[in-house]
Structure formats: C-alpha cells, structure tokens
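Please model the entire structure based on the sequences and the hints provided.
One line per chain: the protein sequences are A and B, in this order.
Position 308 of the first sequence, counted from 1, bears residue number 308 in my numbering, the numbering being contiguous throughout.
Position 393 of the second sequence, counted from 1, bears residue number 831 in my numbering, the numbering being contiguous throughout.
Everything labelled a hint here was simulated from the structure, so no lab data went into it.
Since the structure is predicted, the reported quantities are computational estimates derived from the model, not experimental observations.
Each residue gets a CB set at the ideal place from its N, CA and C atoms; glycine is no exception.
A hint or two may mislead.
Some chain A residues near chain B, calculated using beta-carbon distances under 8 Å [as the list claims (entries may be wrong)]:
1) L142
2) A143
3) L146
4) S148
5) S160
6) A168
7) A195
One letter stands for each residue in the lines below.
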Amino acid sequence: MSIKVLMPALSPTMERGNLTRWLKAEGDTVKPGDVIAEIETDKATMEVEAVDEGTLGKILVPAGTNDVPVNEVIALIAEEGEDPKTLAVGASAPKAAAAALAAAAPAPTPSAAPEQNGAPGNVVAFPPPAGEKPARRFASPLARRLASQNKLDLAAITGSGPHGRIIAADVTAALAAGPAKVAAAPLPRPTQSDAIIKQYFAPDSFDEVPHETMRKTIARRLAEATAAIPHFYLTIECEIDALLKLRGELNAAAPKTPDGTPAYKLSVNDMIVKALALALVDVPNANVTFLENSMLRHHHADVAVAVAIPDGLITPVLKQADLLPLSAISNTMKDYAARAKQRRLKPQEYEGGVSAVSNLGMYGIKEFAAIINPPQSSILAVGAGEGRPIVRNGQIVPATLLGATLSCDHRAIDGATGAELLAAFRHRIEVPLSLLGI
Amino acid sequence: MAGAYDVIVVGGGPGGYVAAIRAAQLGLKTAVVEREHLGGICLNWGCIPTKALLRSAEIFHYAQHAKDYGLRIDGKIGYDAEAIKDRSRKISAQLNAGVGFLLKKNKVDVIWGEAQLTKPGDVRVGKPLKPAHQPQAAPPKGILGEGTYQAKHIVVATGARPRVLPGLEPDGKLIWTYFEAMMPDAMPKSLIVVGSGAIGVEFASFYRDFGAEVTLIEVLPRILPAEDAEVAALAHKRFEKRGMKILTGTKIVKLEKGAEGVTALAEDTSGKSQTLKAERLISAVGVTGNSENLGLEALGVTTDRGIIVTDGLGRTNVPGVYAIGDVAGPPMLAHKAEHEGVICVEAIAGLDPHPLDREAIPGCTYCNPQIASVGLTEEKAKAAGYELKIGRFPFIGNGKAIALGEPEGLTKTIFDAATGRLLGAHMIGAEVTELIQGFVVAMNCETTEAELMHTIFPHPTLSETMHESVLDAYGRAIHI
Numbered sequence: 001m002s003i004k005v006l007m008p009a010l011s012p013t014m015e016r017g018n019l020t021r022w023l024k025a026e027g028d029t030v031k032p033g034d035v036i037a038e039i040e041t042d043k044a045t046m047e048v049e050a051v052d053e054g055t056l057g058k059i060l061v062p063a064g065t066n067d068v069p070v071n072e073v074i075a076l077i078a079e080e081g082e083d084p085k086t087l088a089v090g091a092s093a094p095k096a097a098a099a100a101l102a103a104a105a106p107a108p109t110p111s112a113a114p115e116q117n118g119a120p121g122n123v124v125a126f127p128p129p130a131g132e133k134p135a136r137r138f139a140s141p142l143a144r145r146l147a148s149q150n151k152l153d154l155a156a157i158t159g160s161g162p163h164g165r166i167i168a169a170d171v172t173a174a175l176a177a178g179p180a181k182v183a184a185a186p187l188p189r190p191t192q193s194d195a196i197i198k199q200y201f202a203p204d205s206f207d208e209v210p211h212e213t214m215r216k217t218i219a220r221r222l223a224e225a226t227a228a229i230p231h232f233y234l235t236i237e238c239e240i241d242a243l244l245k246l247r248g249e250l251n252a253a254a255p256k257t258p259d260g261t262p263a264y265k266l267s268v269n270d271m272i273v274k275a276l277a278l279a280l281v282d283v284p285n286a287n288v289t290f291l292e293n294s295m296l297r298h299h300h301a302d303v304a305v306a307v308a309i310p311d312g313l314i315t316p317v318l319k320q321a322d323l324l325p326l327s328a329i330s331n332t333m334k335d336y337a338a339r340a341k342q343r344r345l346k347p348q349e350y351e352g353g354v355s356a357v358s359n360l361g362m363y364g365i366k367e368f369a370a371i372i373n374p375p376q377s378s379i380l381a382v383g384a385g386e387g388r389p390i391v392r393n394g395q396i397v398p399a400t401l402l403g404a405t406l407s408c409d410h411r412a413i414d415g416a417t418g419a420e421l422l423a424a425f426r427h428r429i430e431v432p433l434s435l436l437g438i
Numbered sequence: 439m440a441g442a443y444d445v446i447v448v449g450g451g452p453g454g455y456v457a458a459i460r461a462a463q464l465g466l467k468t469a470v471v472e473r474e475h476l477g478g479i480c481l482n483w484g485c486i487p488t489k490a491l492l493r494s495a496e497i498f499h500y501a502q503h504a505k506d507y508g509l510r511i512d513g514k515i516g517y518d519a520e521a522i523k524d525r526s527r528k529i530s531a532q533l534n535a536g537v538g539f540l541l542k543k544n545k546v547d548v549i550w551g552e553a554q555l556t557k558p559g560d561v562r563v564g565k566p567l568k569p570a571h572q573p574q575a576a577p578p579k580g581i582l583g584e585g586t587y588q589a590k591h592i593v594v595a596t597g598a599r600p601r602v603l604p605g606l607e608p609d610g611k612l613i614w615t616y617f618e619a620m621m622p623d624a625m626p627k628s629l630i631v632v633g634s635g636a637i638g639v640e641f642a643s644f645y646r647d648f649g650a651e652v653t654l655i656e657v658l659p660r661i662l663p664a665e666d667a668e669v670a671a672l673a674h675k676r677f678e679k680r681g682m683k684i685l686t687g688t689k690i691v692k693l694e695k696g697a698e699g700v701t702a703l704a705e706d707t708s709g710k711s712q713t714l715k716a717e718r719l720i721s722a723v724g725v726t727g728n729s730e731n732l733g734l735e736a737l738g739v740t741t742d743r744g745i746i747v748t749d750g751l752g753r754t755n756v757p758g759v760y761a762i763g764d765v766a767g768p769p770m771l772a773h774k775a776e777h778e779g780v781i782c783v784e785a786i787a788g789l790d791p792h793p794l795d796r797e798a799i800p801g802c803t804y805c806n807p808q809i810a811s812v813g814l815t816e817e818k819a820k821a822a823g824y825e826l827k828i829g830r831f832p833f834i835g836n837g838k839a840i841a842l843g844e845p846e847g848l849t850k851t852i853f854d855a856a857t858g859r860l861l862g863a864h865m866i867g868a869e870v871t872e873l874i875q876g877f878v879v880a881m882n883c884e885t886t887e888a889e890l891m892h893t894i895f896p897h898p899t900l901s902e903t904m905h906e907s908v909l910d911a912y913g914r915a916i917h918i
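Structure representation (structure tokens):
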C-alpha cells in the first residue's frame, strides 16, 4: 500500500496553504526526516518532512499551487516492493501519514479545529456590539434555510453573490470552517471594484503584483481589527538617559563567546520589550485577553514584537518575556528577525501574545499609534529617542526623551488601566536597573 | 503589426465572440481570431441551422395532422428539400453577419486565419490548415490578416468537431456527420443514426418527420444516456410510436458501402446480430475538442484526451493562457461556452465572478417531443447520497396542453428532502425547451420548494405543469 502525504495543518487555524516548492522529485527515495516540500502559510514558509520511508511515487499537487486545502493528498510515497509508477490515490493506505512539521510542531488535526471554540492561536470571534440591531442581510432562500437549520447567524457570514448576497456556498463554507472561523471573513474588498480603480491610472503607469498570502492575511486581520476593536490611545514620554547608560555598561561587560564575539548586544528595543513585559505583570488588569464570554488574566506576559520584512510584516512572540533575561530577549529577537526575513518562522512562534511592541524610532518617527493585532489587547508604538531641554527642579537641563503611544482594546482595558500600564512602563524605563531582576 | 491586445480570443464561436464582446465591455482591447465562420459550429453548422430544419419538419408534421385541428388541406402535402435547406442556410448567413456587426460595434478586431500560440503572449495567425465547410459566408469587412499579434491574455475557444468511430469514418456521401446531415441533396428514404445523444435524436426525429425509415442505434442500454431515465423511457416510447426503430445496447460491427447505400451488421450485448440496410448513415457519437495544431504542447498547456484542462474560471496551468467552451470540456453546449467566456474575461479584468456551476447548466434537445433538463437526474441525485422528494406532473392534466393537442409529456422535479434545494428538473413534451429556463432561474437564485410553490404561474400555460410538479413533490398537487 502506498502512503498518502497530506497537506499538513501548520496551525489550528490553517485551512489552506500554498505549496511553493518540491525538494524531492518523483522517483527520489525518502526517509523519515527528509524535507520533501515547502509550504507557505499566512506568514511563513514551512518545510514538510517525510515520516515514512519509501520512494516519492507521484506528486499530485504541483509546486506553485496556491490555496491547497489542508488534508488534501499532495503526494504518494511508494513503500518497499511497490512500483512508484503505478500508484493511484484510491489504492493508498487509509492511515494517511500526514507529513510532520519540521521541528515536530504539534500539528493538530484540522477536523478538531472547529470544536476548539476557545480560539487558540489568533482567531477570536468578535461578537457584534451589544444593543446594535443587525442590518438586513440579503441571502438566497436556500442560504437562509441552511443557516437556520444549522443555527448559524447570517450576520457572521460574508456574501459572495451579487451585491454581497449570501448564497448557499457561503453558508456551507462557513459551516466547513467551523465556529471559530465564521467571523474570519475573506480578504476585505476595496469599496470599488478593481477594474474601476485601475481606470484611474494610465494603463502603462503601474505594475500589478498579485497578493501573496501574507498580504491577504495582513489586509484581512487589520481590517477586522479596526472594525471590531474599539481602540483608544494614550501617549507618554520617558527619559531614557539612565537606560542608555545602563545599556552601554551591560554591552561593554558582555562576556566573549569562544569565537570571540560578545555573548549579547542589547538594543534599546530589547529593553523596551522587557519593560513592557514587566509592566504588564505589574498591572494585572492590563495583562488580559478578551474572549467572547470571558477574560483571560495571564500570569506571565507574552509580548509580540513587530518585525518588518520585505513585502510584509510579522510579529513573533516572546513567550513569558517577563521571565527572560535581557540577553535571552536580545538573542531570541535576533534569531526571530533573521528567520522572519526568510519566512521560516513557525506558526507557534508568531501566534498569540497579550501585547506587542512596534518600534519605528530608527526612522526618526517621533510618535505614532499602532493597530492592535488580535487576540492581543494592546500594542505599544515606540518613537525615536530625542535629546531635548526639560525643566527639572526649576532648572532647564538636557534629557533624552522617548515617545510611546499605547493602543488599548477598550473591551478589555479601560482608560485608567491603560494609563496605569503606561505609567508602570515609564517607571521601568526610567529606573532601568529594575529590568535586571534580583 | 498592430499594438498589443489585452485579450485575444482564438475562435469566433458562441463562446469566443461572447467572451470578446464582454472583454470589450470591460474596457479591454480585444481581438478574435477566426479561420472559417463567425458564430462557429453553433450558428453555422449546429444549433441554429438544425432548429431551422426542425421547424420545417414540425410544420410539415402539423400540416399532415391538420385534420386533428378541424382543418382541411386539399391536395397533396409535400416538401421541397432544396428549399428547406436554403431556408436553413439563409438563417445561418443572417446570424453570421450579425456576429460580425456585433464585434464591430464593440470595437473588437477580427483577425482572419488559423491561430498558433507560438510563445507566451504571442499569437501567430497564418493560412487556414484545411478548407472551410461550404457554403462559407464572406468574412466581415475590415478584418486583419496574417501576422504575429501580442496579447496579455489568450483565450482558446476553438470548439469541437465530430468524433470519428473506426469503421464509421464519414465519407460525405453515404456516411454523414452533422455537416452533411443538414445539407441533404434529397431526403433519404432510409437512414441509420448511430448515437442517441442530442444530435443523434434530433436528426433521427427530423428525417422521420419527412418519412424516412429511421433506425436509431445506441451502444448503451438506453437512448439519451445523459437524460433522466424516466424521461428517456418516455422519449423511447414516443419515438417508436412515430415509427422509429430503436436498437439499444447495440453496436455496428461491420459496415459495407454499396452504390445506393450501406449495409450494416449490428450486434447487441447478447451477441445477437442483424443486418440493416439504409441509404445513409449518420454518425453522431459525440464530439471531440479542437486542441491540436495550436502550439499548446510547446507552451506546456495541460490537455486530457483533446480537452484543455482548466479551473472553474478558464485558467490553464500556463499563466496568460485560458480555455473556454467545448475545447475546455463537456457539456459541449453553446450556452455553457458563452457563460465560461464571460466569467473567464471577468476574472481577467479583475472582477470576482463565481466559477462555473456545472449543476446549473440546462440542456435542450429539439426532437419531437422536445426534451429539456437542468441539474441532477434521479439516478445521479441518489448516487450523490441525497434523500429525495420527487414530483411528477403529466401534460394530460394541463389544460393548455390538451388545447394544443399535445397531451403527452411530463415535468419531473427532484428536491433535496433535507434542505428543499431544487436538485434537478426534467421535462419532455411540447415547448419544454422554452419552459426549462424557469427552473434554471430558480436554481440559480437558490430558491427552495417554498418559493416555487408561492410563485404564481400564469393560466393557461404549459408552465403550470412546472408548478404542479413542485407541489406533487410535497404531496400537494391540485390537478392530479
């Protein structure tokens, strides 16, 4: 019996992925652990390893195929004594050995995903604001009946029919996606059709580049976030002279690794990440995740850090950053940033988080406000440190000031709580020895 | 050479010219390459001229039965085969010119010749590889000639041609395809029709109406294999009543051509054989895609037994190359090609059309009695695992049918019991080809049985059989 290689689910929320590359050709022998293909998910490129030994008999999904559904058979592996040329899907072993993730990620079975209503990863179903009467949704009679038979709220479904009318296929797709996915609408459409928008520009005056999965994900998630999350913003300035001094001393004192390079080289951002993590633990009411029916109050602070990469953006998460020494934060971030640029982060490395840091200081941006990336409940936008005269004890003295704006999800964090968090953050920054822990 | 096009459509049949007009509507610079006849087989050698012929047959039939309606026609009722043929050709010529006019009106360039896809983005147009079927309408004015043309998107819409069975190779004299069958020099007195799909039964019906001894041969166990079994059985009975000889589960194992006709040895599945003699034989064993000589192999376009493999939006595996209509696979119907053409260019233009829904493509067969259907047959719906509610209403219960003198017919509807979704509708009887569209609209709008029941059908019309059939599926029919 041949072995089916299935499109793996790289995360609980993954429905489809793009098969970017085959690293083995038909007829190549494979053994467990061999990387046979590369798969592109929302945000990363992942390797697919063989778990069985045999000969790659037939590639069923060619390289470069987009939107391959999870669990689709992508290749067949012939076992010993089997002719790889005569493989057929129907004759394959039902045991369906799914290709495992590199680094043995706990790939959950996709069929289980819909039941996980508690929204692991980054999918949170946002309820419509209370007290608001839902607008009339146009839907075909069959779509209405299917929705009512399955107790599905039409308001949660995006229509793909004429004028956005919900058709039966939209309902069946929503059902197939499971409850957690109902709110995950497809890529938000521009308000005008593409064809109309294109007419505003001379035909030869632009290049048209189809969206990559990452661009679609960014568009969808941030549009959802702005629509569903009531944001409010708080801005504060921190004096960072002490922090800069401490950073210099710590870096100067860094022990040398056997190859002669320093064991760590802290950036200001590493210290900001640590300060935010500690501030979140200092203010438990702000260290929360908003769910439909409950609030998660975290014991530790998972802090995401926005990393700009070519043609996109990704936010790897430092788990329990409050417990990590600065050197660990620094070295982990360097690794994350490098792998993010190659799109080799694993989903579990960029999903989740309770708050985030987005730093545009290196561009000289003074201050800005960031969009919250659900399920996180806040995000700290950090500007450039700038030397300025300030008044202290009636004297004008020079100081280095850093502007930081906290965006809060008002459903989870009220104004005073947000202010407490930001004040705690400033304290940690201005008394930087507190970042070292005792 | 002319500047680059956004879209070049290869083939000016119903799929190709409709795709081109839609592309032009969307502001795309568009050209159509055609080697023979604007309007394709449909308009010149298929749908349209055969409907003209069948109309003559129908009126002839009514004239012969004038007495049934209280009318008297004194003298002999005869026909002029030449005039019938001429009428059919004139209608094709008129519509052919109409297509040229429509393309011009929409500023679609027409390039005359045989197209080859030489490299991505290039179409080389040269001399036609084979002579055109005659009579050929004059090419429209203002056409562009041979040369190499550039386009960002190339839509292959080259259609299909009759499939040839070994031993039944058409010779244009004794063994006909639809080309010769619609251009008879004289009405044959006897005829064998091989294949009982839409084309086969339409010609069988036409020649039977003009008095030919017709033998219809089908290799499968029943005629009209694509239709619902119940409807096909009714058609079988009606054809036999009209004097047609039908042999199912039968194939021709030997064919001899003589001076005046053919002698065929037909053998059925049990091995029993019989000898059939006829003046002519029509081979109507299906059609096959025109995917050769286009340069597709060199470009790496995937084909499967002559069919270009596409997704639901006409895209092939090669970016910038698309295929629609017959050459992109069955059902090989003009309206399917038109729809595919439209959604293909809408996707090219950046709109977001839904892919082709194969279960909502109607099919019409213009034999006597007419047959029309959409969606799943009862067999297929059962095989797909649906729990079914099935309604039937015979034309004998319909006032208009009786008034027309056409009391033989049936409207059958098939619903998914769980959701009330209309899965299929199957009709046989007078004018059903004009009626089926009611069910097609219902299906496309995703109505359930409830909306169909609440719809007011005008009285007295044959369409009331549609209403009653839906009611019958839920045990509520009034007139039965």
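Hint-by-hint comparison with the structure:
With 8 Å as the threshold, the beta carbon of L142 (chain A) comes within range of chain B, its nearest partner Cβ sitting at about 4 Å, so the hint holds. Contact between A143 (chain A) and chain B, as hinted, is supported at the beta carbon level, the nearest pair being about 6 Å apart and thus within 8 Å. Because the smallest distance between the Cβ of L146 (chain A) and any Cβ of chain B comes to about 6 Å, under 8 Å, the interface hint for this residue holds. Because the smallest distance between the Cβ of S148 (chain A) and any Cβ of chain B comes to about 10 Å, over 8 Å, the interface hint for this residue is violated.
Look at S160 (chain A): its Cβ gets to within about 7 Å of chain B, closer than 8 Å, so that hint holds up. For A168 (chain A), the shortest C-beta to C-beta distance to chain B is roughly 5 Å, which falls under 8 Å, so the interface hint holds. A cut of 8 Å between beta carbons decides the hint on A195 (chain A): the least distance to chain B is about 5 Å, and the hint holds.
Violated hint: 4 only; the structure is consistent with all others.
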